[in-house]
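Colleague: Quick note, the sequences are listed as chains S and D, same order.
The numbers in UniProt numbering rise by one with no breaks, and the one at position 383 of the first sequence is 383.
The numbers in UniProt numbering rise by one with no breaks, and the one at position 358 of the second sequence is 358.
One should not assume that every hint holds.
Here are the simulated SDA-like pairs of lysine to any residue, each with C-alpha atoms no more than 20 Å apart in a straight line [claimed, not checked]: (1) S/Lys-73 x S/Asn-52; (2) D/Lys-219 x S/Lys-330; (3) D/Lys-422 x D/Thr-437; (4) D/Lys-330 x S/Thr-150; (5) S/Lys-219 x D/Arg-179; (6) D/Lys-436 x D/Glu-53; (7) S/Lys-330 x D/Arg-179; (8) S/Lys-330 x D/Lys-330.
Examples of chain D residues lying across from chain S (beta carbon under 8 Å, computed) [unchecked claim]: (9) Glu-131; (10) Arg-179; (11) Tyr-180; (12) Arg-411; (13) Glu-415.
Label-pair ranges, simulated between beta-carbon atoms [what the hints assert, rightly or not]: (14) S/Glu-155 x D/Thr-437: 35 to 45 Å; (15) S/Arg-316 x D/Gln-382: 20 to 30 Å; (16) S/Leu-67 x D/Asp-329: 46 to 56 Å.
No lab work stands behind these hints: they were computed from the structure.
The beta-carbon is built from N, C-alpha and C at its ideal position, and this holds for glycine as well.
Protein chains: 2
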Amino acid sequence: FSGETSYEGSVKSGKDGGVFLNGATVDPVEGFIRQAMEVILDEAVRKATDVNEKVCEWRSPEQLKELLDLELKDEGESESKILQRCREAIRYSVKTSHPRFFNQLFAGLEPYSTVASFIIESIKTSLYTYEVAPVFTLMENAVLRKMIETIGWEEGGDGIFNPGGSMSNMYAMNLARYRYCPDWKEVGLYSAPRLVVFTSQESHYSISKAAALMGLGTKNVYMGAVPFMVNATAGTTVFGAFDPIEEIASVCEKHNLWLHVDACWGGAALMSKKHKHLLKGIHRVHSVSWNPHKMLMASLQCSAFLVRDKTSLLQRCHSARASYLFQQDKFYDVSYDTGDKSVQCSRKPDAFKLWLMWKALGSRELEQRVDRALAMARYLTQEIKKRDGFQLLMEPEFANMCFWYIPPSLRKLPEGPELWTKLHAVAPVIKERMMKTGSMMIGYQTHGDKPNFFRMVVISPQVSRQDLDFVLEEIHHLGQDL
Amino acid sequence: FSGETSYEGSVKSGKDGGVFLNGATVDPVEGFIRQAMEVILDEAVRKATDVNEKVCEWRSPEQLKELLDLELKDEGESESKILQRCREAIRYSVKTSHPRFFNQLFAGLEPYSTVASFIIESIKTSLYTYEVAPVFTLMENAVLRKMIETIGWEEGGDGIFNPGGSMSNMYAMNLARYRYCPDWKEVGLYSAPRLVVFTSQESHYSISKAAALMGLGTKNVYMGAVPFMVNATAGTTVFGAFDPIEEIASVCEKHNLWLHVDACWGGAALMSKKHKHLLKGIHRVHSVSWNPHKMLMASLQCSAFLVRDKTSLLQRCHSARASYLFQQDKFYDVSYDTGDKSVQCSRKPDAFKLWLMWKALGSRELEQRVDRALAMARYLTQEIKKRDGFQLLMEPEFANMCFWYIPPSLRKLPEGPELWTKLHAVAPVIKERMMKTGSMMIGYQTHGDKPNFFRMVVISPQVSRQDLDFVLEEIHHLGQDL
């Protein structure tokens with residue numbers, strides 16, 4: 001054995017330039033994963049959902065950088081050190097499954113969906129072809145069919161799970177454009193008339209982002225020359241408002257316009273006999289975005305795009321026919337290869353996160369959860385109305401409560417610029433204090449010329465009335481001196 | 001208590017239309033997750049990586065539908081039934097971490113990255129703002145900086161993790177276009193000249209998909225009027241070929257063209273002193289896509305887009321400034337809110353999957369793994385050359401081996417249409433047989449007018465020379481009668 005080994009020699013000796021070729025270099029992994037699971041169960045499940053623990057352990061970016069030792073080095077670290085790093089990562093992460101996390105349109109820990117995502121992570125595969133993801137391909141199909149049935153498209157339809165609702169909304173825009181003129185897929189927009197999308201001021205920013213990316217231009221959202229699509233929102237991000245789908249559908253049918261409903265947030269209401277009226281008319285639209293990771297509490301991300309078309313529009317619009325994946329001489333029915341419906345290549349089997357929990361809970365329990373969240377929202381609304389210093393911006397339609405907290409020092413001020421200016425400064429300070437205390441998390445924002453207000457969202461069935469009472473008391477406690 | 005309860009009454013009694021409002025309705029979740037973890041450890045980790053188990057348990061779509069009882073119903077199921085469903089989902093899924101899975105550009109189970117994804121799934125958050133993802137925001141930042149350093153951009157740069165390399169390539173195209181003319185973000189392409197993208201025939205289909213979605217048109221990839229971007233590929237999907245970056249960079253610099261390198265597959269070579277010459281010149285390019293979920297074996301998905309620009313181009317190109325997320329009066333440095341750099345809204349903290357394994361292994365072990373995979377590929381190349389009936393399409397540059405297996409009955413035929421036609425039918429039959437046996441998985445495909453050939457990819461350090469020998473013997477075993 002000399003310093004200089006030939007390739008042949010190195011292979012025969014089981015080495016190649018110092019690299020061993022025989023046997024696995026990954027040690028038995030089960031033991032480490034098992035230890036890490038104990039950390040996860042203790043820190044990220046048990047403690048993270050415990051109302052007596054903090055929602056967050058706030059550190060500024062500078063402090064956190066000091067604590068975490070982020071730098072990646074040449075040498076690795078021991079397993080016990082890595083387990084310690086796992087504990088730290090969990091410790092300083094925000095506990096979105098805590099009963100007092102109301103900061104986003106997702107919350108809570110859904111055990112079945114969480115288990116499904118663990119399985120997805122360990123099975124690691126991608127949904128391009130049936131051959132590498134047979135189970136998840138069929139499950140996606142089953143979930144899409146169930147969602148389409150829930151929407152009320154009696155003739156069926158097509159669909160796909162995407163990494164988030166922004167993607168789903170962009171898919172809608174792309175399909176609407178493709179249906180309007182399929183040639184543009186090949187030749188681009190250079191010979192196209194100026195195309196415009198109609199949507200409301202309150203619709204999600206993903207509509208503008210999609211218009212920019214797709215070469216339509218953000219200025220062509222709202223008004224313009226040749227409308228090719230209308231976007232209606234079922235559950236706006238801030239106020240939880242619903243566009244009147246039935247009326248919009250009538251106009252769109254008359255003018256042969258593609259009608260998309262962004263029901264990412266409000267789609268959950270379709271599960272409830274009591275609340276589905278909010279989306280009345282949805283059976284008439286062309287496409288729907290619906291994120292079960294929001295009010296249905298599926299693990300992040302779980303976002304479906306559904307289209308009523310049954311002529312393979314989704315495939316025709318997005319296909320690139322890669323020969324290394326989509327061979328036509330396979331020994332099984334290649335219509336089960338869903339990859340060419342996507343603008344992605346690798347795509348995660350997110351549908352399983354919904355499938356497993358739906359199997360476990362049944363439609364009835366999902367309905368109960370939606371009804372419960374909306375009942376909680378109504379309870380909170382009543383409490384806000386009852387309490388001094390709290391003022392709703394408007395009567396909520398859904399699970400978003402937008403309100404001001406007015407500290408005692410401002411309650412005597414007449415409505416006008418002085419009050420608005422002072423009130424505008426209140427929510428950011430309360431937010432800072434709640435995060436530094438770690439007692440709860442609620443979002444705040446402005447809207448148009450309105451001063452900063454809180455937007456609180458109720459989703460999780462882990463939330464009790466006591467938690468809601470706590471929130472209002474804690475806001476007062478944190479802000480009464482302002 | 002009567003059938004008709006008023007809202008007030010129902011809240012006081014803790015009920016609202018039959019929905020209980022007090023206490024959590026999600027049962028203690030730890031126990032169930034713990035049981036499910038045992039199933040996962042046993043079925044999806046231990047058995048799935050055991051060379052003595054099958055790679056896949058093939059069932060046709062029709063058979064699998066029968067076995068899985070996919071339908072979602074009104075009533076839920078018991079925990080034990082759900083655990084049984086988890087077992088079945090794993091059983092009929094393809095074991096991509098099996099040592100004999102060579103079908104895709106990913107393979108193997110990386111324990112540290114798997115643990116990181118379990119943590120991500122249990123912590124469930126999204127990377128729009130620092131306040132909801134402080135740890136993962138900083139880790140993404142640290143990983144991006146390390147990747148930029150590895151690429152060799154000495155002045156630094158910017159970047160973002162995306163759901164897959166197709167997205168990363170689209171980001172490159174969007175940034176290149178935005179840099180060429182920022183106005184188009186607002187006004188669309190209607191006043192634009194015909195824009196074209198230069199790329200090679202062998203580049204990934206995501207370039208065409210992006211051109212279609214972005215309103216550029218697939219026909220404007222390759223040739224046309226006003227070039228605004230060149231896409232070079234470092235590691236093509238089929239052959240693992242590398243475009244000469246240094247030479248292309250010189251041309252692009254001369255003509256002020258954005259040069260993007262799709263290094264989704266070949267980027268791993270940057271970790272290796274021995275192999276980084278394959279990407280010589282990458283320090284001169286504008287942007288890079290690099291998927292650590294491929295040869296570095298991070299969990300799916302882990303895909304970075306990196307850009308050399310330091311003038312916030314990524315943010316300016318994609319921003320929509322949503323007021324409910326990106327308030328400017330926050331109490332911390334809002335430059336840590338990365339959400340507006342993305343065309344997504346929710347975005348997963350995929351960087352953590354790379355961060356934790358990098359911490360555990362160090363750059364040195366990552367380098368060893370790359371060296372090992374490429375040494376394995378060279379070993380397989382030699383074996384293919386040695387054996388009767390095996391023929392390489394070309395000398396491999398990277399870890400893709402493309403070859404024909406010629407059954408004994410065809411070996412006497414002269415080169416020509418008869419041989420090609422018969423040979424074309426061989427790979428699909430061997431593929432069908434290997435999947436029904438479950439012994440291994442390798443892809444096959446055509447390319448131009450070439451008859452079907454196998455594309456085998458070596459990635460995982462769990463693979464031994466014995467596994468590679470087995471593959472060649474098994475192909476012969478399955479195809480010798482054809």
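Colleague: Which numbered conditions among the earlier hints are violated in the structure presented, ordered from lowest to highest?
Modeller: 1, 2, 3, 4, 7, 8, 10, 11, 12, 13, 15, 16
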